[in-house]
Amino acid sequence: MDELIIAGRSFTSRLMVGTGKFASNAAMVAAMEGSGSEIVTVALRRVDIDNPQDSLLRHIDPARYLLLPNTSGARDAEEAIRLARLARAAGCEPWVKLEVTPDPYYLLPDPIETLKAAEVLVKEGFIVLPYINADPVLAKHLQEAGTATVMPLGAPIGTNKGLRTRDNIAIIIEQAIVPVVVDAGLGAPSHAAEAMEMGADAVLVNTALAVARNPGAMGVAFRKGVEAGREAYLAGLGKQQDKAEASSPLTGFLHDK
Amino acid sequence: MDIIFNGTSRAIPHSITIQELLDQLHLDCRQVVVEHNRSIVARQRLADIVLDHGDTLEVIHFVGGG
Numbered sequence: 013m014d015e016l017i018i019a020g021r022s023f024t025s026r027l028m029v030g031t032g033k034f035a036s037n038a039a040m041v042a043a044m045e046g047s048g049s050e051i052v053t054v055a056l057r058r059v060d061i062d063n064p065q066d067s068l069l070r071h072i073d074p075a076r077y078l079l080l081p082n083t084s085g086a087r088d089a090e091e092a093i094r095l096a097r098l099a100r101a102a103g104c105e106p107w108v109k110l111e112v113t114p115d116p117y118y119l120l121p122d123p124i125e126t127l128k129a130a131e132v133l134v135k136e137g138f139i140v141l142p143y144i145n146a147d148p149v150l151a152k153h154l155q156e157a158g159t160a161t162v163m164p165l166g167a168p169i170g171t172n173k174g175l176r177t178r179d180n181i182a183i184i185i186e187q188a189i190v191p192v193v194v195d196a197g198l199g200a201p202s203h204a205a206e207a208m209e210m211g212a213d214a215v216l217v218n219t220a221l222a223v224a225r226n227p228g229a230m231g232v233a234f235r236k237g238v239e240a241g242r243e244a245y246l247a248g249l250g251k252q253q254d255k256a257e258a259s260s261p262l263t264g265f266l267h268d269k
Numbered sequence: 615m616d617i618i619f620n621g622t623s624r625a626i627p628h629s630i631t632i633q634e635l636l637d638q639l640h641l642d643c644r645q646v647v648v649e650h651n652r653s654i655v656a657r658q659r660l661a662d663i664v665l666d667h668g669d670t671l672e673v674i675h676f677v678g679g680g
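These protein sequences, in sequence, are chains A and B.
The numbering used here runs 12 ahead of the 1-based position in the first sequence.
The numbering used here runs 614 ahead of the 1-based position in the second sequence.
This is chain B alone, in the form it adopts within the complex (with noise of 0.2 Å):
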């Protein structure tokens, strides 16, 4: 199934969790903010939402800037 990832779509297994599917990119939790569907993902959370086809998330670090 796929979802929205970042703005483009992407492949990914059924029945996975935001958590494992960060786990599986390797992003640090700890260092990421998760937007699920438009709606923040509190960090203890992350495990216990199951993607499903079609959905967004946007996954936002901190990065240089004025």
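Chain A extracted, bound-state conformation (with noise of 0.2 Å):
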């Protein structure tokens, strides 16, 4: 059976969801359930007493997901290790999705905030799965740090512009020791299956599904598209090349003397 393994837990599915900006949760809920996916990620953020919110978890099946909390909002290593801990002391398994995003407009990763919080989390025992630009070096870095995964970027955070960091994020699967999840910029099941094609061994899509017309149809429609990737990628994809090569035999046409 064809599973994904990350940190010695296995999984069937290679397609973890976020939950963010969904318009309900019975939307989050339909997304979450089409793609079949078995790890989805959450957030931390500050309560708001003025205005009180259905509880988030009471909407996440405790025995059907892993529960993967990001540090977003995070502008430098300390910060993300602070929401890691938080996290971990909320009750969650000691999982945590890295990321460090100073910069607002992009929110492109800061690699070395991000290498120097991995390395900490690292040592206190969390499962650090950093999310980075696409950039070998770094991933590198990272997986002699002792992460579980890479996640490389495919464009940023939100853009649905797919994978535009193509040549690089195959330099970091073919050098890669740990799972390679290709995360953010993903916008459509084709991009996803693209990825997997590839020889990613998971992506992570939010946006994509939150803001389609049917979540939970987007979700299937997503599942299916890693599914197909993976798939293909399996079975062996054909080579490139410049030339036209016949499918048909070149041999006893109509028009042979």
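Since the hints were made in silico from the structure, they are not lab data.
Being a predicted model, the structure only gives us computed values, none of them experimental.
The reader is advised that the hints may include incorrect statements.
Label pairs and their in silico Cβ distance ranges [claimed, not checked]: (1) Glu634/B x Glu156/A: 45 to 51 Å; (2) Ile630/B x Glu45/A: 30 to 36 Å; (3) Ile618/B x Gly103/A: 21 to 27 Å; (4) Ala35/A x Ser629/B: 40 to 46 Å; (5) Pro106/A x Asn651/B: 19 to 25 Å.
Where a beta carbon is used, it is the ideal one built from N, C-alpha and C, also for glycine.
Hints given; two lone chains; assemble the complex.
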């Protein structure tokens, strides 16, 4: 059976989903169910006393989904470490999607602070899944520091642009000793399929599901995209070439003399 | 007396514990995580800590995120 194994734990699904930006909890649940996902990300924020909200966790069955808290909002290593510790204290398993994004416009991850935080969190026993730009050298450093995956971005968060970092992701996949999860920027099932065809081990999608007219159906579409891409990768894709190569026999034509 | 609650000043009664404050604010301690003066407070310790004037309290919970 083709399983995704992260830090010794196996998963059937290779599609992780985020829970942000959905119009309702029902839409979020529909997307999660449609996607077949087993790992869902969540964020930590201050409670708003003046606007009490329904608890998010009431809608996520812990027997079905591994909760993967992120450190979104962290601007440096210290803030990310603080958020990771809070998530663990809240009762989560010690898994963390490490993200450090000091720049609010492109939300690009800070490589230096991410590496610093990863080193500390790995030592504290966290299973660290770092969100990074598609930088193969950084990916190597993080793996050496003991991260459980690397999560290179396809394009900036929420842009739906697809695999703009394709060539560097290919290098990361070629050199990886841990699963490579393409995260951010995947706006269509074809983008997810493309990442999987290249040999990515999994993808993470949020915005594309949350903004869909029908998030549940889009979850299904992404599941199929990920499965198709994975199966094609395992089946072995043909090489690209410049000249045509006929699929039909080049003998026995009617015009042959 | 006043404490800094989630970044803003808030008047609270004297000699109140964190647990009592959460109860007053209708916050379920199973759904939040608390940091008191930058230290994480284990759930079973919430009823032991009495707040002081000028203390900083962060009460955090999970929200949707990618």
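In this structure, is the beta-carbon distance linking Ile630/B and Glu45/A contained in 30 to 36 Å?
-> violated (43 Å)
Kindly confirm whether 19 to 25 Å is satisfied by the beta carbon distance between Pro106/A and Asn651/B.
-> For Pro106/A and Asn651/B the Cβ distance comes to about 24 Å; the hint holds.
Mind checking the hinted window 40 to 46 Å against the Cβ distance between Ala35/A and Ser629/B?
-> With Cβ atoms ~44 Å apart, the hint holds.
Go ahead and decide if the range 21 to 27 Å is satisfied by the Cβ distance of Ile618/B to Gly103/A.
-> The hinted range 21 to 27 Å holds for Ile618/B and Gly103/A, with Cβ atoms some 25 Å apart.
With 45 to 51 Å as the target window, see if Glu634/B and Glu156/A comply at their CB atoms.
-> Hint holds: Cβ distance 48 Å, inside 45 to 51 Å.
Violated hint for the displayed structure: number 2, the only one.
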